[in-house]
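J.: Chain residues, written in single-letter form:
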Amino acid sequence: MVVKIKNLFKYFDTAPAVNGVSLDIRQGERLVILGHSGCGKTTLLRMIAGFVVPDKGSITIDGLLAAKDGKSVIEPENRQIGMVFQDLALWPHMSVYKNLEFGLAAKKISKNERNERISLILEKVQLSEFSNSFPSNLSGGQQQRVALARAIVMRPKILLMDEPLSNLDYDLNSMLRKEILKLQEETGITMLYVTHDRNEAFSLATRIIVMKHGAIQKIGSVNEIKMFFKY
Amino acid sequence: MSKKLTILITIFLFIVIGLVPVIAMFVKSLFVGGHFSLESYSLLFKSRQQWHLLFNSLFLAGSTTFITVLLGVPLGILFGKTDLPGKKIFIILFVIPLVIPSYILAIAWFYCLGRSGIVSGLFGREIAVVTLNFLFGFSGTLFVLVSICLPVVIIFTITYLRMINPKLEEAAKLSGQWFFVLRKISIPIIAPGIFLSALIVFILALGEFGVPSSLRFDVFPVESFIQFSAFYDFNAATASAMPLGLIILFILVAERLFLRKKTTQMTIAKESILKISLGKAKPFLFIAVCVFTCITVVVPLAILVKKSFVLWAYKEAFIGSIDSIIRSLLYASAGATLIVVFGFFLGYLLEHRTFRFSYAADSIAIFLFALPGTIIGIGLITLWNTRATNFIYASAVIILFGYIAKYTALSTRFMAVTFSQVSRSMEEAAQILEVGWIKRVWGILVPLVRKGLISTWLVVFIFCLRDLDITMIVYPPAHDTLAVRIFTLMANSPEEIIAALCVIMALITLLPLFILGLVTIKRW
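Line order of the protein sequences matches chains A and B.
Using our numbering, the first residue of the first sequence is number 633, and each one after it goes up by one.
Using our numbering, the first residue of the second sequence is number 135, and each one after it goes up by one.
Don't take every hint at face value.
Said to hold, decoys possible - Here are the in silico distance ranges between beta carbons for each label pair:
no., chain 1, residue 1, chain 2, residue 2, range
1, A, D645, B, S554, 44 to 50 Å
2, A, P724, B, G651, 19 to 25 Å
3, A, P724, B, A612, 44 to 50 Å
Treat the hints as calculated values from the structure; they're not laboratory data.
Only a predicted model underlies this, so the values are computations on that prediction, with no experimental measurement involved.
Quick reminder that beta carbons are idealized off the backbone N, C-alpha and C, glycines included.
Just chain A, same shape as in the assembly (with noise of 0.2 Å):
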């Protein structure tokens, strides 16, 4: 088990966003959470990255308590996870590669290692001759890939993923799906995906949740949800 909630609650003022939501997520796996807007996924999501801190109940990263009734005992810097956030949230002021190295650098790790797996992670996204570029020079799909390069280079335990494609065409989308698909099963990385969209959920999840006013409503494989949505 990467990760194990029990009992989770988050409120704001007085209603619940997530509301007991207890779930293991498992060694490689691809997670899917599914749920309409205030649904609570991306709460459930920031808390697992340690950004909000849940009311009650408890997160468990790799055996250890990350975060319990209100205390972060780990924080988001040390649970060793790769987030790709809504908005991509790369860096304006640092090229692609700066983008990329700015973690490995505070991990100190030795400038040929950051060369070495910064040019490894650009050739699997296929951006390398981008390197020197900057986020405002790019395409929208070439910052997907760069956001996702970033995220996978510091080799995470996880990965989290809040609706990178949302803003994205439809032809757009689905390239990246499958490049996201490629990139997960040559990694072996676990993941935990985030989405509205039922078609981005079936083509990417291994399991998916569906989630409801901050609940649980459903957790099943691919084909147990489809039925369930009578798809």
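Let chain A serve as the given structure and place chain B on it in line with the hints.
T.: Chain B in isolation, oriented as in the chain A frame:
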């Protein structure tokens, strides 16, 4: 160092530098000859003079606020919403009185309306008696304070007009003329912003020291200063400062309870704002604004330039005051840099609400900003005038502490707004990549908010440079700044030298404003 520790240290230092002196001053005023006594306060309430001062202070602040809003809102609408020509130049001209030391305008008007002023030269001494009666006392102080505070209301009106969703006005425009739309839709929507600007003007006018003391109108800040520096009566000075402190505390609590959400919920509209075409009224309004700008801004500045227009005056001014000029620049630079550091972390705290008491730190900063500088100055002396802390009391450090106490609120608010423009995921993305707090600050936050940092530094630099209230009280021997030097030389130096010093002061204050314009020009 962790994020929480950095912010806690910042808050601790800010409280020690800013709030503790004010508390120490209050506590000390409760003891007479080592025994607890409310004598100073009972004298305060019994004295008719104190009630007279309270009335003067409130009446001056209230009148300034009323007239400023009455003039500033229409001017803000003209500059922010219409096709009036030369709007940007008008805005710049109106801002000048706010950024130069306040008493400079009072000096300029004295050179115009005084006994040996321009009016006296042109129309004879009899007329000068009338103009002098107007200038010295309530009317003159009110006139100068309105000129100084007007840009606050103008800028707030323009800014809040930019936040109106144009669709709301478009919908109203389908059923009425612009006057109707402004009266029924636009002004009610921006009313919280106008009210906030009125509060700021009220607080600025209530704590103003330079203009009332130059034009001899008795108000509390002047009384505190006199009690402290002329009669060395600490308890009387503190007691006269307390009513203002209480009034300001009351205003801030009211603002926090009733206005805070309404003024912070608005954001700049993404769509371009709807413009009003002035049509045939354009030339008349243009002439009216030109005349008004000339009276309030151009004429006093032109008088100063004319008065100083002799070479020897500038030579004498430079020779006699070069040390003060250099000190002004040095202290303002050091003050602005320290205040920006405080503002960076407190602004971050305010925007990200890292702790539950985020608003408390902001409230303290706002309270200190609103408090008259004379009170902060007396507080600083109370706390640091000991043998053990003489290195602070007898050096420029006490001036810097005064600047930090008074102006950190500005940098906190500016930086909070700047941080609100940066997506939180920018920092979170670094955090999740195992990048520590200090590296995130230097590698991500500082580069992303650098324009905001530069703008904040320049604004704070201007405020430190023009500061008179605090510096006048706390400056140690041989540490006077140019603002203080002009104020102390005013009574017994040739008018030409004072005018030359005022022009130099105005120029070195306006230079950063010019740079600020260049820095922010792309944003506008």
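J.: Is it true that P724(A) and G651(B) lie within 19 to 25 Å of each other by Cβ?
T.: holds, 24 Å
J.: Is the distance from the Cβ of D645(A) to the Cβ of S554(B) consistent with 44 to 50 Å?
T.: Roughly 21 Å apart at Cβ, these two residues miss the hinted range, so it is violated.
J.: Starting from the range 44 to 50 Å, see whether the pair P724(A) and A612(B) falls in it by beta-carbon distance.
T.: Given a distance of about 48 Å, which is inside 44 to 50 Å, the answer is holds.
Checked against the numbered hints above, the structure breaks only hint 1 and satisfies the rest.
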